[in-house]
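With chain A held as given, fit chain B onto it using these hints.
Going down the list, the sequences are from chains A and B. Its first residue numbered 1, the first sequence is counted upward by one per residue in the UniProt record's numbering. Its first residue numbered 1, the second sequence is counted upward by one per residue in the UniProt record's numbering.
Quick partial rundown of chain B residues pointing at chain A, CB under 10 Å, derived from the structure: (1) Ser217; (2) Thr224; (3) Thr231; (4) Leu233; (5) Pro242.
When the alpha-carbon atoms are kept at most 25 Å apart in a straight line, the in silico DMTMM-like pairs for lysine to aspartate or glutamate are as follows: (6) A:Lys117 <-> B:Glu230; (7) A:Lys195 <-> A:Glu174; (8) A:Lys166 <-> A:Glu143; (9) A:Lys166 <-> B:Glu230; (10) A:Lys166 <-> A:Glu139; (11) A:Lys166 <-> A:Asp215.
Hints are computed from structural coordinates only; laboratory data are not their basis. The structure displayed is predicted, hence computed values, not measured ones. We put the beta carbon where it would ideally sit given N, CA and C, even for glycine.
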Amino acid sequence: MSDAVLTLSHLHKSFGALQATHDVSLDLKAGEIHALIGPNGAGKSTLIGQITGHLMPDRGEVRLAGENITALSVAQRARRGLGRSFQVSSLADSLSVLRNVMIAVQGLQGHSFHFWKPVHRDASLVEPARAAIARMQLESRAETPVSELSHGERRQVEVACALALKPRALLLDEPMAGLGPEGSARLTELLEELKHEVPILLIEHDMDAVFRLADRISVLVAGQVIAHGVSDEIRANPLVREAYLGD
Amino acid sequence: MTRLHKGALDKTPGATPVPMPRIQRETWVNWALLGLLLLAPMIANALGEVYYVNLATRIAIVTMAAVGLNLAIGYGGMISFGHAAFFGLGGYVAGISAFHAFDMTPVLSWPITMPGTDNLLVIWLVAMLSCAVLALVIGAISLRTSGVYFIMITLAFAQMIYYFAVSWPTYGGEDGLPIYLRNQFPGLDTNDPLTFFLICFAALVLALAITARLMQSRFGAALTMARLNETRLATAGIAPYPIRLVAFVISAVITGLAGALFADLNGFVGASMLSWHRSGEIMVIVILGGVGRLYGPLSGAMLFVLMETLLGGLTEYWLLFLGLILLFVVLFARGGVMGLLAGRARHE
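Excised from the complex, chain B in its bound form:
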C-alpha cells in the first residue's frame, strides 16, 4: 500500500513542538468554512440569487464526495483513482429510479417486482447499499495490490463501469438520463433551491461527523496504523486487509451518496459522472484542501468550484491555472489549503 507519511511531510525543521494553539486554530478555521458555506446561500436566497444557492449546493455535494475519498486516501493511505465509479453509481441509482417512477414502469420485474420511486430516502438507501456492494468487490480485489498497482486497478474498475454505462441504451447510454422532476423528500419541497441545499448541507455535516467519530474509534486507530506502519499493526495481532477493506467500503458509500445528490441537483445523470476525469477531480479537491485533514475537502471544493466558475467564465483554459495551483500545493504546501490556513497537522 502506498502510505502517505503525512506527519513526516508536514514537519518543517524547527517547528515548535506545541500543538495546542494549532488545534484551536484548525477548529476555528473548520467552523468558519462550514459557517460560510451555510450562510452564503441563505443570503443569496434572500437576495433572489438562485444561481449562487445552487453553486453552494454544488460545493456541498462535491465536498461530500471528497470527504469519502479523503477517508480512503488521507486516513487509509489507499490512493483510489476510481471513486467516480461510486459517485456515478449513486447518480445512476437516483436517475434510474426517477426514470421508472416517471414512466410508471418497474425497475425490476423479475425475480421480484421493484417499482421506481422518487422518494429520496429509499433512493439514498439503495444508492448506499449498491456502492457498498460494488466497493466490497472492487476493494477485495484491488487491496491485494499496493502502490501504483492499486491506483491502476481502481482506475481500471471505474473505466469498466464507465464503458458499461456508455453502452447501455436503456438508460441513455452516451446521452445520459434526464431527471425531469427532482426526487422528493417526505415533508419537504426539494424543488426549492434553499431546501435542497439544506438537505445536502445536512448530509455533508453528517458525513463529516461520522468521519471524525470513526477516526477516533478503535477502527480509526487501526486504520491510522495501517497507513503509518502496516507491520506494527500486524505485530499487534490486527490484520490490515479487513480494516482497509471496510474503510474503502465506507469511503465509497459516502462518495456514492454525494453522487445521488449530484444527479438530483443537475436533474441529469450521464456517463461523465463515471469518467476518470471525475475521479481525478475529486482527488484534486482532496489534495488541494489538504490530504487527511477532516475539513480539507471543504476548503478544496470551495477553491475548486469557485475557480471553475470564476476562471471558467473568463477562459476555457482555466484548468491550466488549476494545474499551476495544484503544482504549487504539491511542491510547496503539502498541507493544502488547510495547511496554509491552520498550520501543520496535529499529532494524533
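Okay, chain A solo, but in the shape it has when bound:
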C-alpha cells in the first residue's frame, strides 16, 4: 500500500434510509489508471463527492499521498494535488478557454491576493495555461469563450484545467462523454501517456475505453464494490456480468 497515492478506506454515506456508499475501500497507485464503473444509481457521484470534498462521508477516511484529507474543503484538497474534471462541465461560460485554465494555474501558484499586476501580461500564468491547452490540442480555441465550444471541447477544457493544477492524483468523471470516436481515441492515447505522470481514477461509461485503458477496475453496485481486479477478471466475473454488463 505504500505506493498508493489516493486511498479510500471504509467510506460510508447515507441519505436518510438510502445507503449511497457502503464500506467502500479502494486505492490508486502511482502510474496506473484505476477505472470505477457501475450502472446508473450505483452511487458513483456520491463517492466522487466524498473524494473531492463536496460531500462529507459519515464514516471512513480519504488519504492523499499519505495525508488524511477527509475533513478538508474542496479548495484545500485541490491545493494538496487533487485534480478533477466534472461529469457535467463546470466552467465559466462567458470567459475564454485561456481564462478558465489560467485560474487553475493561479490556484497552483497560490497567490490570489495580488491586486495590481494584470493577469493577461503575467507570463507565469499565461505560459503554463497555454501548455495545458496545447496538451489537449485546443490551441486554436484558446481565446474562444467556453459558451461557443462544443460539448466535447468543454470536456477537454475540463481536463486541461485539471492538468494545469499539476495534480498528484487525477479524478476524471466521464471525460469521453460527447467526444465522438475520433476525440475519444485521441483522449485515450493522451490518458495512456499521462498515467505515467499522474495516476488517474477514471469514471467512465465507454466500456471499450475502460477495458483498453484501465490497469485495474472496480465495480460499484448499490453503493458497494462488488468486484475488483484487472480487465480480464472483471470481464469474466459472473457477478459483474449479471449486475452490469447485462447478461
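Only chain B this time, still in chain A's reference frame:
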C-alpha cells in the same frame, strides 16, 4: 451566493462574435461621460452658476458610492442591500470630526485623547479604516449566506446601524449633525465649489482606476470566477470566501469615502444617509447604469441625479417615472445605460 450571469444575460441570439469594435466604443463612451462630468461644472463655474457645479459634485460623489457597490454586485455577485451603512459611516466620521473640531472637544478622551480635526486627509483615512472594519464584521457574517439571505442580512445590519444613529443624541440623533465649516484640504480652498468638485472628481477617477486595475489582477480573476462559477474556483484550489470578503471590504471603503465627501458637500450628515432608501438608491444607480460595467455607475448616477433634479422639480411623484425607467431597464435593457450606449459587455 446569487450570481449574476452577466455574460448570459447580455448575449442576444445572433449577436456578432466580434468584440473588438465594441471595446473601442465602450472606451469612447467612458471617456465622453467622464469628460462631460469634468467640463460641465467648469463651464457652469465660468458662467457663475454655482448650483450646477454642486450638482456635478453630487453626481461625482454618488457615482463613487455606486462604483463601490458595483464592485460587490457587478464584479463579485454579492447583492448587498446595506451599503448605506458604509456611506453613512463615512459621512458620520466627517460630521463627528468636524463637530469636535468646531467645539474644540476631543472625539475620544479615553483610553487615548483624540481631538477632532477638520483635515480632510485625516478624516478620509479614518472614514476608510472605519468602513473597512465594519465591512469585515458585516461581510464575515453575511458571506456565510447567499442569495436572498445575503440581501436580507446586509439590510438588517444597515438598519441596526441606522437605528443606533437615530437613538444617539450626542450627534444629533434624528435631527442629524450640521457641518458648519467645510473640512479643509491642505493647501486648497474647499469652500470654493469648483475646487471641491475637482477634489471629488479626482477621488472618483482614482476609484475607477483602482477598480479597473484590480479587476485585471489575480485577485480580480479569482473574484470573477467566484461570481461565475464558485465550484470552478474551489476546484482550482482557491477558497471563494476570503476572496469575496476582501472584495466586500474594498467595496465598502470606496462607498464610505464617497459618504465622507457627501457630508462635506451638504454641510450636514443625518441618519437618512444610513437608511435603506439610500442603499436602494445606490443599487438603482448601479442597475440603471449597467451592472458590472466599469463606467455603469457614472451613467447611472448622471441619469438618476438629473431625473431627480429635473423631474423632481416638476412633480413630487418623480420616483414613479424612475420606477418605470428601472422597470424598462430590468426587462428590456439588462446592460443598463452602458448597454444602450456601448453595446453588450465584452468578453473578459
